[in-house]
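Got chain C; can you put chain W on it based on the hints?
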Amino acid sequence: MAQNDVVMSVRDLSVNYLTERGPLQAVNRISFELHQGETLALMGESGCGKSTLVMALMRLLPSNARVPNGEIHYTTRDGRVIDVLKMSKGKLRAFRWSECAMVFQGALNALNPVIRVRDMFYDTGRAHGMGSKDAVRERALELFRLVRLDPERVFNAYPHELSGGMRQRVLIALGLLLDPQVVILDEPTTAVDILTQRTIIDVLMAIRDKLGFSIIFISHDLAVAAEMADTVATMYAGEIVEIGPVNEMFYRPHHGYTLGLLEAIPSLAAEAEELVSIPGSPPDLIEPPPGCKFHERCPFAVERCSREVPPLVDVDETHRVACFEADRVIAKARETIQA
Amino acid sequence: MSEQPLIELRHVYRTFKQGRQLIPVLQDVNLTIAPNEIVCLVGESGCGKTTTGKIIAGLLPQSEGEVLFQGRPLESYRGKERAAMRRALQIVHQDPFASLNPAHTIGQILSFPLKHHKMVSGRAELRRRIWELLTLVDLTPPGDVVNKYPHQLSGGQRQRVSIARALTVQPKLIVADEAVSMVDMSIRVSLLQMLHDLRDKLNVAIIFITHDLALAKYFAWGERIAVMYLGRVVEIGPTEQVIGNSAHPYTRALISAVPEADPIRTRSKQRMKLRSEDIPKLTEIPSGCAFHPRCPFFVPGVCDARVPTLGAAEGYAQQVACPPLTEGLGLREYEAAAEAPVAG
Numbered sequence: 001m002a003q004n005d006v007v008m009s010v011r012d013l014s015v016n017y018l019t020e021r022g023p024l025q026a027v028n029r030i031s032f033e034l035h036q037g038e039t040l041a042l043m044g045e046s047g048c049g050k051s052t053l054v055m056a057l058m059r060l061l062p063s064n065a066r067v068p069n070g071e072i073h074y075t076t077r078d079g080r081v082i083d084v085l086k087m088s089k090g091k092l093r094a095f096r097w098s099e100c101a102m103v104f105q106g107a108l109n110a111l112n113p114v115i116r117v118r119d120m121f122y123d124t125g126r127a128h129g130m131g132s133k134d135a136v137r138e139r140a141l142e143l144f145r146l147v148r149l150d151p152e153r154v155f156n157a158y159p160h161e162l163s164g165g166m167r168q169r170v171l172i173a174l175g176l177l178l179d180p181q182v183v184i185l186d187e188p189t190t191a192v193d194i195l196t197q198r199t200i201i202d203v204l205m206a207i208r209d210k211l212g213f214s215i216i217f218i219s220h221d222l223a224v225a226a227e228m229a230d231t232v233a234t235m236y237a238g239e240i241v242e243i244g245p246v247n248e249m250f251y252r253p254h255h256g257y258t259l260g261l262l263e264a265i266p267s268l269a270a271e272a273e274e275l276v277s278i279p280g281s282p283p284d285l286i287e288p289p290p291g292c293k294f295h296e297r298c299p300f301a302v303e304r305c306s307r308e309v310p311p312l313v314d315v316d317e318t319h320r321v322a323c324f325e326a327d328r329v330i331a332k333a334r335e336t337i338q339a
Numbered sequence: 340m341s342e343q344p345l346i347e348l349r350h351v352y353r354t355f356k357q358g359r360q361l362i363p364v365l366q367d368v369n370l371t372i373a374p375n376e377i378v379c380l381v382g383e384s385g386c387g388k389t390t391t392g393k394i395i396a397g398l399l400p401q402s403e404g405e406v407l408f409q410g411r412p413l414e415s416y417r418g419k420e421r422a423a424m425r426r427a428l429q430i431v432h433q434d435p436f437a438s439l440n441p442a443h444t445i446g447q448i449l450s451f452p453l454k455h456h457k458m459v460s461g462r463a464e465l466r467r468r469i470w471e472l473l474t475l476v477d478l479t480p481p482g483d484v485v486n487k488y489p490h491q492l493s494g495g496q497r498q499r500v501s502i503a504r505a506l507t508v509q510p511k512l513i514v515a516d517e518a519v520s521m522v523d524m525s526i527r528v529s530l531l532q533m534l535h536d537l538r539d540k541l542n543v544a545i546i547f548i549t550h551d552l553a554l555a556k557y558f559a560w561g562e563r564i565a566v567m568y569l570g571r572v573v574e575i576g577p578t579e580q581v582i583g584n585s586a587h588p589y590t591r592a593l594i595s596a597v598p599e600a601d602p603i604r605t606r607s608k609q610r611m612k613l614r615s616e617d618i619p620k621l622t623e624i625p626s627g628c629a630f631h632p633r634c635p636f637f638v639p640g641v642c643d644a645r646v647p648t649l650g651a652a653e654g655y656a657q658q659v660a661c662p663p664l665t666e667g668l669g670l671r672e673y674e675a676a677a678e679a680p681v682a683g
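In order, the protein sequences belong to chains C and W.
Taken in order, the first sequence gives residues 1 to 339; the numbers are from our numbering.
Taken in order, the second sequence gives residues 340 to 683; the numbers are from our numbering.
What the hints contain is simulated information worked out from the structure, not anything from laboratory work.
Accuracy of the hints is not assured; some may be wrong.
Some chain C residues well away from chain W (every beta-carbon gap over 12 Å; in silico) [to be verified]:
1) Gln36
2) Asn69
3) His73
4) Leu85
5) Met87
6) Asp134
7) Arg137
8) Leu141
9) Leu177
10) Arg198
11) Gly212
12) Glu308
13) Lys332
Which stretches of chain W does chain C cover? Using the computed rule of at least three CB atoms under 8 Å from a CB of chain C, they are [as the list claims (entries may be wrong)]:
14) 345-351
15) 546-556
16) 590-600
17) 612-619
Glycine included, C-beta positions come from ideal geometry on N, C-alpha and C.
Isolated chain W, as found in the complex:
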């Protein structure tokens, strides 16, 4: 990439203390986000996608490794620069019922950050800016909304307010953490389309965190997807490739497991059978590739011995963390297992 990345995660680790135990939630995460880019983080609960999002948004320090914003470590920003950096990185939370103060009107909710960060001067400009923001998130006419309280709005409208609030400080990046998962399916798409439009209009990058693969595919079409498993990125690349020509056995298992809103197709889909259904605990992460106890293509002596790193693999445009694919180790056994019938 010739352009300087907006955010770069280099060998990022994060642990949490639970009693006397240290829980490794993120391990060696490397991720680069360009300005104006969309990246989807997908994975099951406990995979570290939300922790990654919080670290990117500067809300949580990493335990080890580096997080760079426009080429400099987050910690190196001081004073006014630091304030500007914090404004540039915004987050939209999952629950639009919990994330808006019920005692404040929508107008107040939007005016606090505008005033605090001195984004506007004078009442007239404040009002103009609030009107502009509400129009941007399609809450029109703004006059109908400004004096309402959050409880008077639907879930979808509330999420639009959350997005407008994130936009008050003119961010360069928005982390949207399951931002549409609590909104009814009939209006999810309109929220996603609005986010896409905002990206184009305001030149922001978006990290979209979701557990829903179909949603990720729709939102990140033409962009990138990163699949996470037990604290590591196991596959990353162009959405069309990751979904249409998945490399990592975990991604393939996910895609084969997802039901689809097409009765004939979903009932005739080839299912991948895992060796084990239990997700290992974060305190007992398996050796080598963390997926090996469940992986149907497991190669003994390779997968349980080597910690895989992301790399190129023959036949794939994306990067994948799977030693048989990236290093050719035990590839013959892997392919033999992969060709055996796997339908469940």
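Excised from the complex, chain C in its bound form:
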């Protein structure tokens, strides 16, 4: 991918939450780049910092959060570079939704139950200076067609008249109302049924290909990442421990945690399976362990892992890993994963 098509560039970003026991390092020195039209999946267990990270990208962190270091640079369509962390409140309003939109999980709670879908679109359009109601309506109906909803019926409906899957698609359309370059999806298919999930995945991928926006999505479901993502980042205890193209990550993982996740999830395809869960639980992020934060649970850990923090280094041009024992991980992965 060319250097100049980067839409979002995150450098050394950290987020702490102030707690009674001291600062909790929810996100620790994360760096990555998001390219035009790229879909990036963040995967990891609950509490790994993936939600905090995307909230930081949108500057939507709660009041007890602090960003001690890091930069978020966003490049607009006309080539201007914006420093997201230094943006004024007014600029931020313009940035959110029209440049970078977020679709929250739980389609039930994210729509106002007492107003019609059309009024939510009108309100959003007006708040972000979209001009006439007709323009909003036209755009909304076009988006509904793209997400395979019956445009007129849904536009005039109340949320309770729609099924869960339809509501999720309404939210996706609402997120796209101002034609953002980046769409952030928080667990887009969690808590929906299998056939509904299929529709949402298909619709999202079709509309992404058509409109060309970039996606960052959070999922604890590796299968959804395998299907939708171009790039996958594994997060553990607030850090990206491995990032690379989807096939690399699933067939040639270099980090013990990525491999551990892959070995812990059942698949429909295989015959009888041998699965192994990762022992232990994630560390305390107020007093994190020294060295690699995963070393206490890692079957590949050596003495060095408990002393030194492994840096994120290149496996190749696109694939990076933070593990001293990556050679042993990939050797094991070659034995267990048949691609």
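Leaving out everything else, chain W in the frame of chain C:
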């Protein structure tokens, strides 16, 4: 089956009242569970899998039909026998945060049922039994856990406590309703493996309810799976058959729709295209086979006219409720539709 079933559901119906409407949540469910067996109930939300689980656990009466425990209707048990029957049937709920009292220690949570049901006599035996239960669910060393409160444990550990609590009364059957769906994926497998071990060690049967087909396949490998749709069992049989050689179009649609953690495979999978994406409301269940408005192999005049019952079908070892397959009605049209390209 020569052995007497542990639980048998015969033509079980269940309706719920909503305002003036009667909602049929279960219709004509027939299910037999042998001692020490594992059966997975899978299906989408609203299919009746949780209601079935509650009826099996004796927590909810059926509206019609019979539920037999060791050959006798649940209602016929009285007095001490009834207490023993209730102890034999236990349930583990989905949410380990809501199902444990936050004001009690783990030791207390386990001691209440042990004392109430007089499973132990004396403090020494109580303590010994609690230690034994915590060891069974791999919460070791037990001394580290007994005096903790639920909020001091992780979700996975809490679910282990819920399972230990169900085991206090030495049940013959445990209904595990989405028991691992709120636990992180990295430790789900260890919980499932523990449940399997308990089944072998303690000779219990397990009804495992889930919406996750891959999880059901893993847990019930070598056992049985029942697929439910809008209140009915549409396919039941050996897991390897139901997953590997699915008969019912609904099961086939589910399997083709599930994404898999294998990028090349999941992106090249043949998808079945349904005729409609909307799940019908329980108040407006379609005539005949409830799946017919969505089924790509729909045979007019058959599928919308006949209520299918579970039966054998040629080429399949499992039972399926689909008239073209079981009775050969309109089979030619069905097969023509089934052979047409269906990739979405």
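- Hint check, failures only: Checked against the structure, the hints that fail are numbers 10, 14, while the rest are satisfied.
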